[in-house]
Structure formats: C-alpha cells, structure tokens
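Number of protein chains: 2
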Amino acid sequence: MTLDQIAPYIRTVPNFPKPGILFRDLTPLLGNGAAFRATTAALSDRAGDYDLIAGIEARGFLFGAALAQLTGRGLIIVRKPGKLPHTTIGHDYALEYGHDRLELHADAVPAGARVLLIDDVLATGGTAEAAVTLLRKAGGTVHRALFVLELVGLHGAARLNAQGVEPVSLFRYPA
Amino acid sequence: MTLDQIAPYIRTVPNFPKPGILFRDLTPLLGNGAAFRATTAALSDRAGDYDLIAGIEARGFLFGAALAQLTGRGLIIVRKPGKLPHTTIGHDYALEYGHDRLELHADAVPAGARVLLIDDVLATGGTAEAAVTLLRKAGGTVHRALFVLELVGLHGAARLNAQGVEPVSLFRYPA
Numbered sequence: 001m002t003l004d005q006i007a008p009y010i011r012t013v014p015n016f017p018k019p020g021i022l023f024r025d026l027t028p029l030l031g032n033g034a035a036f037r038a039t040t041a042a043l044s045d046r047a048g049d050y051d052l053i054a055g056i057e058a059r060g061f062l063f064g065a066a067l068a069q070l071t072g073r074g075l076i077i078v079r080k081p082g083k084l085p086h087t088t089i090g091h092d093y094a095l096e097y098g099h100d101r102l103e104l105h106a107d108a109v110p111a112g113a114r115v116l117l118i119d120d121v122l123a124t125g126g127t128a129e130a131a132v133t134l135l136r137k138a139g140g141t142v143h144r145a146l147f148v149l150e151l152v153g154l155h156g157a158a159r160l161n162a163q164g165v166e167p168v169s170l171f172r173y174p175a
Numbered sequence: 176m177t178l179d180q181i182a183p184y185i186r187t188v189p190n191f192p193k194p195g196i197l198f199r200d201l202t203p204l205l206g207n208g209a210a211f212r213a214t215t216a217a218l219s220d221r222a223g224d225y226d227l228i229a230g231i232e233a234r235g236f237l238f239g240a241a242l243a244q245l246t247g248r249g250l251i252i253v254r255k256p257g258k259l260p261h262t263t264i265g266h267d268y269a270l271e272y273g274h275d276r277l278e279l280h281a282d283a284v285p286a287g288a289r290v291l292l293i294d295d296v297l298a299t300g301g302t303a304e305a306a307v308t309l310l311r312k313a314g315g316t317v318h319r320a321l322f323v324l325e326l327v328g329l330h331g332a333a334r335l336n337a338q339g340v341e342p343v344s345l346f347r348y349p350a
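Protein sequences, first through last, are from chains A and B.
Yeah, the first sequence ends on 175 if you go by our numbering, and it's all consecutive.
Yeah, the second sequence ends on 350 if you go by our numbering, and it's all consecutive.
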C-alpha cells in the first residue's frame, strides 16, 4: 500500500475538539490491518539510525508499539503525570491555554542511546518538544521525530528544528 | 525467548499507586525489543480465532498495536471519555471507589466481527467487562480476552467467564 492508498483511511471530523477545528481521525487507519501495517512500514522507512523508540501517551503508543514490533527495537513510554510507578523525571510545558506535564522513568534511557521520538500528529510541537527535553535529560540523544501527519501552519516543524530535531511526517494537512 | 526469560523484565514496584500495593511494571519489558517481541508472539500464540483486536487505553494500546503489526489484523481503540472525535457509544462502570466510562466509535466494529480484547493487566476485570459490553453493543462478538499478566485473587477471571469470555494471561501474580 502506498501513502496515496493509505490516505483515504484518515477521516476528517469537523468541530472536534472545538467548533471550527477539523480533526484528522486515524481510527479507520488503525482499524484496517493492511493500512496500519503499511503506515508502520512507511514510518520505519523514514526512521534513520536509532537504538530505541519513544512513544508519547496515548496515540503515540499505537504507532510506537507497532514500529517496535516491526523493527525489534525497545519502546520507551512518555506518559502523563502520575502514571509511571518507578522514579520519574518530568517536564512542564505551556499549552495554548494552561500547561501540561510529561514524565519518563528516570532509568528508561541508557546513556547515549539514540532515541527516535514518535507520535501520531505534529501540531504546535509543544508536546514533542517537551518529550525531547525529557529524553535528553534522561541521557539520550534525539535527532529525529516521526509523525503520521503534520498540521501545517502551526509551526511545529520549526519548533523542533530549533531544538536540533528533524521532524518527518507521512501526511500534511492545513491546520 | 521463553516466558521464563521474559519474566525478569517485569519489575515489581512497592507502594504504587497506593501504600501496600505491589505494582507490576511492564516498562522494562517494553524497553527491551526482544522481550517485547517475544511477549507479542506469546500473546498471538494464545489468541485463537478472531478478525479484529481491541486495545484498551492506554497500556492496552501498546500490546494491541504490537499484535496488530505482528498479525496484520486491524486495531479498535477503546478509550476514556471525550477522546474519540466521531459518533461514540459509551458504557459506565463501577470502580472500587467511584465510577469510570469507556467509549468506542459507533462504527468501529463491523457486524458480527470476532473481536479479541487485549489489555496489559487483568485485576478485578471491571474495565475488561465494560469493554466487552461496549464491543458487543457495537455489533461484535467477544469470546477471549488476552492479558500480559493477571493479578490472582481479585476474581477478574471469574467475572469475565461469567460474561462468556475466556481470559488468557501469560503471567500470574498474587494481588
């Protein structure tokens, strides 16, 4: 399956999570085994060199776990606060309204490990930037971040580039 | 890798999420590519006949997505309230203290599809039972539920059996 053949499995839902927003829904893609596998393969083709994958809760878990299964790499999980049982490190970051926090097990990243970040969607890049900060704080290097789709016009790619991280997305939609 | 070789990657963390609880932490297993792949293969070996996989947010996404990648099946995601953008059906269920709710896209399950439920841990079975109810309400059949581990003594297996669902777990620990 090519990217053009995968694209119809991305559904546009108007007015979610708020009026005026077009939400790009990946559940039809996940629900089709061939489309999900082809998406994972396309992500892997663009992954470059890395030792471990880091997936961001919750939808980044889906593509991170699929990529880990395909490639045999281990998966680090980057979670919302209070979810990880062992010693964690955290990073607070600003949202459009309010703030949020991501956490990581302090021992999740072997020293110097090359970590490939993965999430479903690149929007403003705030969450991905926070994950990069956290993975580096834990001792890893991060040079590339993979996304199934990028919402263009929210400057997420520029924000990651400014951190020395190359964002790579399979699909691009206007925000 | 055998189950005996995977077991050391399950870490016991005392006093999480509350004092006196021994939490079985699967993050070391996820972080080791060979252990994660072997776990997914062991789940697949015990999966029986099915058309689609359903993974429960958030840790069920990890094993559900890995199994989908391994087997080429599609993945249905069962989510916490307010996360799914399209028309949903929901089911409220009681917790030890308070209640919770799971949601599913109303069109996620083709009529009569045989759905294999997957989550990381079987404890009281309340969440899994709610997911089964929801998947059946959406038009699917559910006969088996897979877990990486079962906390024995909380009667989760009996609860699922009473719903006509066979629970299958790779590992068992006292609750």
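If you are wondering where the hints come from, they were derived from the structure by calculation, not from laboratory data.
Nothing here was measured: the structure is a model prediction, and the numbers come from that model.
Idealized CB from N, CA, C, for every residue including glycine.
Check before you lean on any hint, since a few could be wrong.
What the hints assert, rightly or not - Derived pair list, reagent style EDC-like, types lysine to aspartate or glutamate, alpha-carbon separation capped at 16 Å:
| id | chain 1 | residue 1 | chain 2 | residue 2 |
| --- | --- | --- | --- | --- |
| 1 | B | 258 | A | 129 |
| 2 | A | 18 | A | 96 |
| 3 | A | 80 | A | 49 |
| 4 | A | 80 | A | 129 |
| 5 | A | 137 | A | 96 |
| 6 | A | 83 | B | 200 |
To be verified - A partial selection of chain A residues facing chain B, derived with a Cβ cut-off under 10 Å:
| id | residue |
| --- | --- |
| 7 | 68 |
| 8 | 84 |
| 9 | 149 |
Comparing the hints with the structure gives:
no.	hint	result
1	258(B) to 129(A)	violated (22 Å)
2	18(A) to 96(A)	holds (14 Å)
3	80(A) to 49(A)	violated (27 Å)
4	80(A) to 129(A)	holds (15 Å)
5	137(A) to 96(A)	violated (24 Å)
6	83(A) to 200(B)	holds (11 Å)
7	68	holds (6 Å)
8	84	holds (7 Å)
9	149	violated (14 Å)
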